[in-house]
Amino acid sequence: AQSVSQHNHHVILSEAASLELGCNYSYGGTVNLFWYVQYPGQHLQLLLKYFSGDPLVKGIKGFEAEFIKSKFSFNLRKPSVQWSDTAEYFCAVNAHSGGGADGLTFGKGTHLIIQP
Amino acid sequence: DGGITQSPKYLFRKEGQNVTLSCEQNLNHDAMYWYRQDPGQGLRLIYYSQIVNDFQKGDIAEGYSVSREKKESFPLTVTSAQKNPTAFYLCASSVDWSSYNEQFFGPGTRLTVL
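Protein sequence lines correspond, in order, to chains A and B. Residue 116 is where the first sequence ends in this note's numbering, and the numbering goes up by one at each step. Residue 1114 is where the second sequence ends in this note's numbering, and the numbering goes up by one at each step.
Calculated directly from the structure, the hints in this document are not laboratory data. Please note that the accuracy of each hint is not assured.
Said to hold, decoys possible - Keeping only pairs whose Cα atoms sit at most 25 angstroms apart, straight-line, the calculated DSS-like set for lysine-lysine is:
#, chain 1, residue 1, chain 2, residue 2
1, A, Lys69, A, Lys108
2, A, Lys71, A, Lys58
3, B, Lys1009, B, Lys1070
4, A, Lys49, A, Lys71
5, A, Lys71, A, Lys108
6, B, Lys1070, A, Lys108
7, B, Lys1057, A, Lys58
8, A, Lys49, A, Lys61
9, A, Lys108, B, Lys1083
As the structure is a computational prediction, the values presented were derived from the model and not from experiment.
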């Protein structure tokens, strides 16, 4: 079974700082990778996803993530954060175990606070 | 507007009572999912349904039951057998059961068992 590890549970940054949130997964086969965000009081929504091809993927609101297969990692980055980026961020994996969508495996989340 | 609705937003129940959480989608999606979110635990999969009239247990199915009689509806029952039912419950759906498809989430139901 796959598992997902997010390194930082709480991150506090000042506006304009650069952001990198770590995500590692454990699964030996082919995976689909996702980053979801949960803004205060809002639905969980997709930031970006990786299925195949270019390992550097760009998402909404200036976020990007890089898939490094050799490191089993899918770290989320943003060059300059804004106060509105305050939210909880979840990394998720869906392994190709038979090809079906048997649900996503989520990391425990990173609570990001941006100070003005 | 297309989307996923969950009701109610907040739910209180006495210990020992069964309770059913509603999830409806008008996205015409085949696959639907239930997750449980606890602080510091992320989301954990309870049950999923790849197509109407079919469903499978997820990682933490004990104490829960579901049905999928209609494509747009996937209610979750939290039974008295669930040892720690107080949590935030999220319903999701995807176009079909392919692992390539993004899952869309509802607003959630916060269940408190007193």
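**Request:** Return the numbers of the hints above that this structure violates; sort them in rising order.
**Result:** Going through the list in order, the structure violates hints 6, 7 and respects the others.
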